[in-house]
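> Here are the chains, one letter per residue:
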Amino acid sequence: MSDKVWRLPLHAIAHGRAGDKGNVSNVSVIAYDEAGYAFIEACVTEAVVMDVFSQVGATSVMRYLLPNLKAMNFVIPGVLDGGVNESRNVDRHGKNLSYLLLSRLMLDIPDNLLAQDSPYRTPEIAAQYSG
Amino acid sequence: MSKIVHIGNGAGFSGDRFDAAQALVQHLKSCDGPRYLMFEVLAERTIASAQKAKAANPEAGFSPYLDHYVTDILGDIQQAGITLVSNMGAANPEAAARRIHELAAEQGLKPFKIAVLAGDDVREYLDDDALLAAETMEGTSLAGRTICSANVYLGGRHVAAALATGADIVLVGRTTDSALVLGPLIHEFGWAEDELDKLAAGTICGHLLECGGQVSGTYFADPGFKDVPDLAHVGFPVTEVTADGSFVITKPEGTGGLISPATVTEQLLYEMHDPSRYLVPDVTADVTQMTVTQDASNRIRVAGVKGSLPPETLKITVCVEGGWLAEAEMSYCGANGLARAELAGHVVKTRMAESGCNQEIRMDVFGAYSALDGGILTDERRASLRFDDDYRLRLSLVSETRATAQKLHDELQSLYCSGPAAGGGFRGSVTEQMSSASVLMPRAAIEPHVSVRDVPAG
Numbered sequence: 001m002s003d004k005v006w007r008l009p010l011h012a013i014a015h016g017r018a019g020d021k022g023n024v025s026n027v028s029v030i031a032y033d034e035a036g037y038a039f040i041e042a043c044v045t046e047a048v049v050m051d052v053f054s055q056v057g058a059t060s061v062m063r064y065l066l067p068n069l070k071a072m073n074f075v076i077p078g079v080l081d082g083g084v085n086e087s088r089n090v091d092r093h094g095k096n097l098s099y100l101l102l103s104r105l106m107l108d109i110p111d112n113l114l115a116q117d118s119p120y121r122t123p124e125i126a127a128q129y130s131g
Numbered sequence: 132m133s134k135i136v137h138i139g140n141g142a143g144f145s146g147d148r149f150d151a152a153q154a155l156v157q158h159l160k161s162c163d164g165p166r167y168l169m170f171e172v173l174a175e176r177t178i179a180s181a182q183k184a185k186a187a188n189p190e191a192g193f194s195p196y197l198d199h200y201v202t203d204i205l206g207d208i209q210q211a212g213i214t215l216v217s218n219m220g221a222a223n224p225e226a227a228a229r230r231i232h233e234l235a236a237e238q239g240l241k242p243f244k245i246a247v248l249a250g251d252d253v254r255e256y257l258d259d260d261a262l263l264a265a266e267t268m269e270g271t272s273l274a275g276r277t278i279c280s281a282n283v284y285l286g287g288r289h290v291a292a293a294l295a296t297g298a299d300i301v302l303v304g305r306t307t308d309s310a311l312v313l314g315p316l317i318h319e320f321g322w323a324e325d326e327l328d329k330l331a332a333g334t335i336c337g338h339l340l341e342c343g344g345q346v347s348g349t350y351f352a353d354p355g356f357k358d359v360p361d362l363a364h365v366g367f368p369v370t371e372v373t374a375d376g377s378f379v380i381t382k383p384e385g386t387g388g389l390i391s392p393a394t395v396t397e398q399l400l401y402e403m404h405d406p407s408r409y410l411v412p413d414v415t416a417d418v419t420q421m422t423v424t425q426d427a428s429n430r431i432r433v434a435g436v437k438g439s440l441p442p443e444t445l446k447i448t449v450c451v452e453g454g455w456l457a458e459a460e461m462s463y464c465g466a467n468g469l470a471r472a473e474l475a476g477h478v479v480k481t482r483m484a485e486s487g488c489n490q491e492i493r494m495d496v497f498g499a500y501s502a503l504d505g506g507i508l509t510d511e512r513r514a515s516l517r518f519d520d521d522y523r524l525r526l527s528l529v530s531e532t533r534a535t536a537q538k539l540h541d542e543l544q545s546l547y548c549s550g551p552a553a554g555g556g557f558r559g560s561v562t563e564q565m566s567s568a569s570v571l572m573p574r575a576a577i578e579p580h581v582s583v584r585d586v587p588a589g
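Heads up: the protein sequence lines correspond to chains A and B, in order.
So the first sequence is numbered by this note's numbering: it starts at 1 and just counts up by one.
So the second sequence is numbered by this note's numbering: it starts at 132 and just counts up by one.
Hints are computed from structural coordinates only; laboratory data are not their basis.
The structure displayed is predicted, hence computed values, not measured ones.
You can trust all of the hints, since none of them are fake.
Only part of the chain A face toward chain B is listed, based on derived beta-carbon distances under 7 Å:
1) SER28
2) GLY57
3) ALA71
4) ASN85
5) ASN96
Backbone N, C-alpha and C define an ideal beta-carbon position, used for all residues, glycine too.
Just need the whole structure built from these sequences, with the hints factored in.
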């Protein structure tokens, strides 16, 4: 087994969806397999999620765990510029906010957790994340 | 063999694919047992627009897309005995029923038996002052505002009461979306108010179905990571539910899309907060012990949903007038595009401030910072951007007055001639806004006013 560690966004090993209620967004983070879930449960904490969402106005982050489903749910108030009816964001529902977390949370991912056919292993994409 | 109830969902929002129900109807025709087709088309704001339409015309105020969704399926559902359940009634379910009677008559069909649910429009029996004074649990402050609409979320038991009249078609306004599934299940299985695990399972089944294709492959595809076959022709979901509350989510044969543990899990958590306390009028659902298992290709079995007592209050969404939104965009492409786009933004901001506008103007530049950035370009991100690229300035503000919103629109438009080099492709709009807030009311203030009405043909 390779000892290689990949510096990549959460997107490389998880997926999710964002929903809106008032000025609160919820973002699910779901692993593709059990090993991936154990890894993200350990490192995708409320604190690191707060760090990512503070730029868009997060006032707090609450994390809920659903290990049966290899999933976590983050509830993040304050990030929708007042909510769908008030927002000046081009994306008033914050539909894209799942990709804020998936894209901007960078992790050191062990090689065995990255799928063998992951596009992140292709030179074109890997080059964008090296250095 | 134990009874299986089949429910398909032909729409997940107002404006969803108009032809999605065709494959569901064909699928349901091949199933035995009670069969239902639902359409969920009523967003929070949709009902406020519908109230305005009804005020202007007493026969309007239901889904403007009703004809698109039902015209081509009425003959088939009548012939096959499929029951239709929908919130297409919006602010005027009785007018929606009359429109369906007209469509049926035009097609030479037998008259449908249509029941509507009344009582979700709380302004029929609660004072505006009481609503404005109520403490809001989420959304805008209501004090001193002008109410456009106020509708309580009714539950599955209310929908079941409408089905109990023997209706072929049930039309409602505001209910929880999941009630469009839970209602038929309560009606078919006779689930009592204390059968909380079953009510919770039916609620989660409805939650999974309510967004249409979002459980069967739409809103999921991420090429190379999460591939979905034939996204252009996704089969909308159908559930098969048994009396114990366990259920399968599947889709019609021969359709595109994907139903997998991953698609079901993404949709399960969509718009959910605490997964151990998902509140609807009928029950509090807990999905923390829920399991999803793959029975076969595109067949997912869900079990383990737990229920506890429902909340003592019901939730009302109050929509109030919310001012005006201005949005205006201009493109700056090629060498030094970002600097030209940002200069344009600063010119407009300067002129707006000089005209006395004290509303905050949000500035985004597509290609550099937009939906994910809160109107802020960090130094780190700026350093990663290309000098020569395709940038598009977007300015937006919300104002109490139409004139201020229009001013932002006009100032950016003027940069066609009066701004930085080579700005082009201006688009702008000024649209009236609606704000909303949720308030909670005791059941006793609501439920005595809820009733079922038959709307007979002609």
